[in-house]
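Novice: Protein chains in written order, with this note's numbering: chain C, 45 to 267; chain G, 45 to 267; chain X, 42 to 283; chain Y, 897 to 1086; chain B, 897 to 1086.
Honestly, the hints are just simulated from the structure, not real lab data.
Every residue, glycine too, gets a C-beta built ideally from N, C-alpha and C.
Do not rely on the hints blindly, as some may be mistaken.
For the chain X half of the interface with chain C, some residues (derived, Cβ under 8 angstroms), not all of them [what the hints assert, rightly or not]:
hint, residue
1, Trp139
2, Gly140
3, Ser168
4, Phe169
5, Thr171
In silico negatives: residues of chain B with every beta carbon more than 12 angstroms from chain Y [to be verified]:
hint, residue
6, Val913
7, Leu1056
8, Gly1078
Label-pair restraints from in silico Cβ distances [said to hold, decoys possible]:
hint, chain 1, residue 1, chain 2, residue 2, range
9, Y, Val1009, G, Ile178, 20 to 30 angstroms
10, X, Thr229, C, Phe175, 17 to 27 angstroms
11, G, Ser241, X, Leu253, 40 to 50 angstroms
12, C, Phe175, X, Lys136, 22 to 32 angstroms
13, B, Arg1076, X, Arg275, 32 to 42 angstroms
14, X, Ser104, C, Val264, 33 to 43 angstroms
15, Y, Asp1005, G, Leu150, 27 to 37 angstroms
16, C, Val264, G, Leu150, 40 to 50 angstroms
17, G, Ile178, Y, Arg911, 53 to 63 angstroms
18, C, Val211, Y, Glu1053, 44 to 54 angstroms
19, B, Ser1061, C, Ser47, 24 to 34 angstroms
20, G, Leu150, Y, Val955, 56 to 66 angstroms
21, B, Glu1081, Y, Glu1081, 30 to 40 angstroms
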Amino acid sequence: MNSSWAREVAAILGKELRVELRGRVGLYSTLVFAVGAVTALGIASIRGEPSPSLAAGLLWVALLFACVVGLARTFLSEEEQGTADLLRLLANPGPVFWGKAVFNMLLLIAVALFVVPLFVLFVKVEVVAPFLLISGVLCGCAGLAAVVSMCGALASRAQGRGLLMGVISLPLLLPVLAAGITALRGAFGDPSAESWSAVASLGGMAVAFSSLGPYLYAAVWKQ
Amino acid sequence: MNSSWAREVAAILGKELRVELRGRVGLYSTLVFAVGAVTALGIASIRGEPSPSLAAGLLWVALLFACVVGLARTFLSEEEQGTADLLRLLANPGPVFWGKAVFNMLLLIAVALFVVPLFVLFVKVEVVAPFLLISGVLCGCAGLAAVVSMCGALASRAQGRGLLMGVISLPLLLPVLAAGITALRGAFGDPSAESWSAVASLGGMAVAFSSLGPYLYAAVWKQ
Amino acid sequence: MIYRIFLLLAGIGVTALYVWAPGAKGFPQEESAKILFFHVPPAMLCTLFYLWGAVMAIRYLMSKDLRFDVRSVAAIEVGTLLCVLATVTGMVFAKVQWGAFWEWDPRQTSIFIQLLIYAAYFALRYSFPTPVRSAAYSSAYAIFAALTAPFLIFILPRLNLWPSSHAGANQAVVGGGLDPTYRTIFYTTLVVILLCFAWAYKVRVREGEEGLLKEVSDGLATGGSDSPDPGVVRPVRLRDRD
Amino acid sequence: MMLSVTGLGKRFGPRWVFRGIEFCLPAGEALVVTGANGAGKSTLLRILAGLEVASAGEVVHHAHLGYVSPELSLYSQLTGIEHLEFARNLRGLPANSDETLLESVGLSDAQNVRVSAYSTGMKARLRLALAIQCEPGILLLDEPGASLDEEGRSLVERVLDEQRSRGVVVLATNDPAERRFGDCELKLGA
Amino acid sequence: MMLSVTGLGKRFGPRWVFRGIEFCLPAGEALVVTGANGAGKSTLLRILAGLEVASAGEVVHHAHLGYVSPELSLYSQLTGIEHLEFARNLRGLPANSDETLLESVGLSDAQNVRVSAYSTGMKARLRLALAIQCEPGILLLDEPGASLDEEGRSLVERVLDEQRSRGVVVLATNDPAERRFGDCELKLGA
Ligand code: HEM
Ligand SMILES: Nc1ncnc2c1ncn2[C@@H]1O[C@H](COP(=O)(O)OP(=O)(O)OP(=O)(O)O)[C@@H](O)[C@H]1O
Ligand SMILES: Nc1ncnc2c1ncn2[C@@H]1O[C@H](COP(=O)(O)OP(=O)(O)OP(=O)(O)O)[C@@H](O)[C@H]1O
Ligand SMILES: [Mg+2]
Ligand SMILES: [Mg+2]
């Protein structure tokens, strides 16, 4: 993890930010997007206040949504626009993976920053453990972004991309979602949840997937 | 709605189906998201079964997010791959809109066919009015697909189109969501819901949106 | 000038009425229900401005004349201002009358959806590189957005999605529950607020048209910033026709 | 008079790419558009094709259009023959001629290959086939010879000759050798 | 010996595009690759650039690579100067030369314009700038002259001359006029 590596990651990340959030409307769009997603959840749960565990599930569905929207952009559009060759000529797979994964994480965390408070307000769940909520969301976002980036990276290079993506992403996504739900259940007041160990395993998954990602990506890089 | 019109719509639809069958990106990304979301909600609702109206809300949220994730591609990828010019040279805006909207509807219905039974299984709701469920889901999917198609058409030439697509389609989908929830509440056994009139208004929205769409698309076609 | 003096007088008048008016009957808290004057008219008028915005958008798409686009944005901006006003006063109202800022009451929900729809309008509008394309796409969106209004205003609240606390309030105002003086005050406020915001609309349109002129004179009127008008350019013949 | 243009101008932002362009092309004539890179040749052709809106002036014609440009992307997942079929259905032409058309541009071996596996020159040939499929009255060729081999360039010449008997041609090029195809020349950015 | 290739072959499915290609290019030499459309010129260059895997044989070299091809897409939302900056950061080059480089390919006016607004020839120039930015030992040019104007073609000639003093060039072309740049010629598909 030397300085050239960091420089390359920064270059990829900078390019991603420029392309996707260029101009005045980037942040505003993120905000409107987040409010829209939460309103959907609010409307869905109007009647019958959701239990802590369902509330946690809903929140993760919204975050997964934000993540998948970003994912398609970062990896698939490189292939669709045909710029993947340029990238392969200029860059190394490791930094490319990391730059894009970090972008996905940042986007997801920006959305989460808006989504979580709004969710608490609109869906009227009670936060009994704010610190647990914050750390759960952060670790979960990191894990989700890592998994989704990995799936996108693999899928983007595969012929008949879709099938592969479908087959690999579900088994990877579900553990993250399950752990994320357990973590937030505790935060929303379900005492039976073993939330801190779930947060730990979320962190573990985030680290594992994002350190595995570059190797997998390198393996499909010049096929 | 003469025969040349139908032929053009069929040509567009056929092209979309061919492209989709060869890559299956749209189908699988929608499906992966929907299955992931429904499973997450299933995991979350293991304790404490959700009320009919909450169940209806959960199902619609999953379908709503899934269609934002998957369906915009038909319009966006035309711009990303740069084939939009070819289409503008060959086709008329009305049939293009309709061909793509119909394709989106078919795709969403295929996803719903898979996801709705899964949801009923996982979340353990009781279906008291199967026919209502089916017609509600069908009309709702038509409404969602019409709105998403229109938004895809509008966002496709903008900068930062990926996020923008989410930004403009989410709020416009919320009325569909609200009506959809009412329709399914009845199907899941809430007698107070005026479900059939909700189904009717879903149908109305689908018809209104998809008949306005071609005109608006024509107005921006060669800008 | 006369217009502004009128607005000033009207403002003073309404404030005076507001201070002197008796509490509104039919509400849990009669005295504080006077916020009604600043809640209901904006809520009614914002839809009016949004619809006007859509009408101007249609005229833009038919004529491709950017002045209509300016009117369309102006109307939507003013409408959004009114919409925010209705939502905020409504929230205060709700806190006092129902005890919570936000309840997902059908009216609350529908106005909030409307607010979001038009928030997205601005995101779309400022995402295009050229003014003409931005005008065309945002006009199309404005028309599409206006199509949702009937569903939001008339159909959704009637679907019995949610128990509505607004029903009683609606009865109090529209169902003739108010006494005649009250009704007079109410309609006076409505007209005054309409005039105020019509004025804001006018100002915004004027400003927008000035912007248009500047944009055009950059290229057309002064002959382009980087080149004098070269006159007519014709092809030269390479060989005679055989 | 197949194609007439009066006072045509285009600007991006405040900068005019060209303005005041006037010409009338009678049937059987070919116009060559030349000029340095970035002079506005492609922009002019895109306006004639209706892909871009002019900032001033107008274009009058009453004919089908065929348009070829290296910037025109094809559907990478469809094969050559599927492209022609798609275009034929959209244009409402009778069903028969796809194979012969592909053969005439030298793609009969690759007719069932997806465009993603086509070489640059093969794509250029397919674009040419798409443009002449509808037997256009006006054929707009933007750098038709770029990345074609000798045989391909003579194919372009053949297409040009055929087109003269059917209508008009506007050809934009950077290749000095292609100037000879024109009856008159419009030099942009001079 | 800057670049040596032994027994190189490539097949897609059962069909060999070429096989058994052998050459050694000493520093200062230029190889021209010719052949009809679809003969495999671009495929050969992509293999040399490491963008495609050979089916047989191998390529040996120890130098930086520069690669230009009309099929290479650029980021349409980034400007010319942002492309160079992006590439420079990825390649770890010192920060200074972006403007001069753009000027040398004739793009100084367009340096802050997004690539989506570039003309075909302007994109070709930017690709050339990207390729020579790292002062490569091996420069791979796929149809460098296509869609460049006269001045652009002389720019290519200048770049070629410079490159000879730095290393080797492999140039694939369909333009007979470009054959003269080569010291030796490899004719594919003959
Ligand atoms: C956040 C809170 C609120 C919001 C967003 C809100 C929104 C709205 C909207 C959009 C309308 C316009 C309906 C139409 O044009 O037909 C309206 C009307 C009205 N609101 Fe509210 N409201 C809120 C709270 C309240 C409260 C607490 C009261 C009184 C208890 C109230 C009383 C009324 C009345 C009397 C009308 C006029 C009835 C009608 O025209 O239908 N509102 N409100
Ligand atoms: N969308 C756009 N926005 C702004 N400027 C543009 C746009 N499209 C083209 N231009 C500018 O217009 C000019 C003409 O471009 P055009 O593609 O017509 O050139 P050309 O003559 O075809 O050049 P070439 O020989 O390189 O193909 C260029 O300077 C280009 O930068
Ligand atoms: N991904 C692929 N799958 C299958 N076949 C391919 C693929 N890529 C190229 N080909 C085939 O390989 C052959 C050589 O293609 P290539 O692009 O190298 O030709 P070229 O010599 O560069 O032609 P041109 O002069 O048109 O650029 C073509 O017949 C093409 O159909
Ligand atoms: Mg050009
Ligand atoms: Mg080639």
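Novice: So, for every hint listed, does it hold in this structure?
Specialist: Hint by hint, here is what the structure shows:
For Trp139 of chain X, the interface hint is violated, the least distance from its beta-carbon to any beta-carbon of chain C being 14 angstroms, above 8 angstroms. The beta carbon of Gly140 of chain X comes no nearer than 13 angstroms to any beta carbon in chain C, farther than 8 angstroms, and the hint placing it at the interface is violated. Proximity of Ser168 of chain X to chain C holds as hinted, the smallest CB-CB distance being about 6 angstroms (cut-off 8 angstroms). Proximity of Phe169 of chain X to chain C is violated relative to the hint, the smallest CB-CB distance being about 10 angstroms (cut-off 8 angstroms).
Interface hint status for Thr171 of chain X: violated, as the beta-carbon distance to the closest one in chain C is roughly 13 angstroms, over 8 angstroms. Annotated as non-interface, Val913 of chain B brings its C-beta within 12 angstroms of a C-beta of chain Y; the closest such distance is 10 angstroms. With a minimum CB-CB distance of about 18 angstroms to chain Y, Leu1056 of chain B clears the 12 angstroms threshold, and the non-interface call stands. Residue-level check passed: Gly1078 of chain B sits 17 angstroms from the nearest beta carbon of chain Y, beyond 12 angstroms.
The hinted range of 20 to 30 angstroms is not satisfied by Val1009 of chain Y and Ile178 of chain G, whose Cβ atoms lie roughly 43 angstroms apart. For the pair Thr229 of chain X and Phe175 of chain C, the beta carbons lie near 54 angstroms from each other, so the given range of 17 to 27 angstroms is not met. The hinted range of 40 to 50 angstroms is satisfied by Ser241 of chain G and Leu253 of chain X, whose Cβ atoms lie roughly 46 angstroms apart. A C-beta distance of roughly 29 angstroms is found between Phe175 of chain C and Lys136 of chain X, which places it inside the suggested range of 22 to 32 angstroms.
At roughly 37 angstroms, the beta carbons of Arg1076 of chain B and Arg275 of chain X sit within the given window of 32 to 42 angstroms. The hinted window of 33 to 43 angstroms between Ser104 of chain X and Val264 of chain C is violated, with their beta carbons roughly 53 angstroms apart. Taken as a hint, the range 27 to 37 angstroms holds for the pair Asp1005 of chain Y and Leu150 of chain G, whose Cβ atoms sit roughly 35 angstroms apart. A beta carbon spacing of about 31 angstroms between Val264 of chain C and Leu150 of chain G contradicts the range 40 to 50 angstroms that was offered as a hint.
For Ile178 of chain G and Arg911 of chain Y, the Cβ-Cβ distance of about 58 angstroms falls inside the hinted range of 53 to 63 angstroms, so the restraint holds. In this structure the hint that Val211 of chain C and Glu1053 of chain Y lie 44 to 54 angstroms apart at CB holds, the actual value being about 52 angstroms. Our hint of 24 to 34 angstroms for Ser1061 of chain B and Ser47 of chain C holds, since their Cβ atoms are close to 32 angstroms apart. Our hint of 56 to 66 angstroms for Leu150 of chain G and Val955 of chain Y is violated, since their Cβ atoms are close to 39 angstroms apart.
Restraint check, Glu1081 of chain B to Glu1081 of chain Y: a C-beta distance of roughly 34 angstroms satisfies the suggested window 30 to 40 angstroms.
Violation of the numbered hints given earlier is confined to hints 1, 2, 4, 5, 6, 9, 10, 14, 16, 20; the remaining hints are satisfied by the structure.
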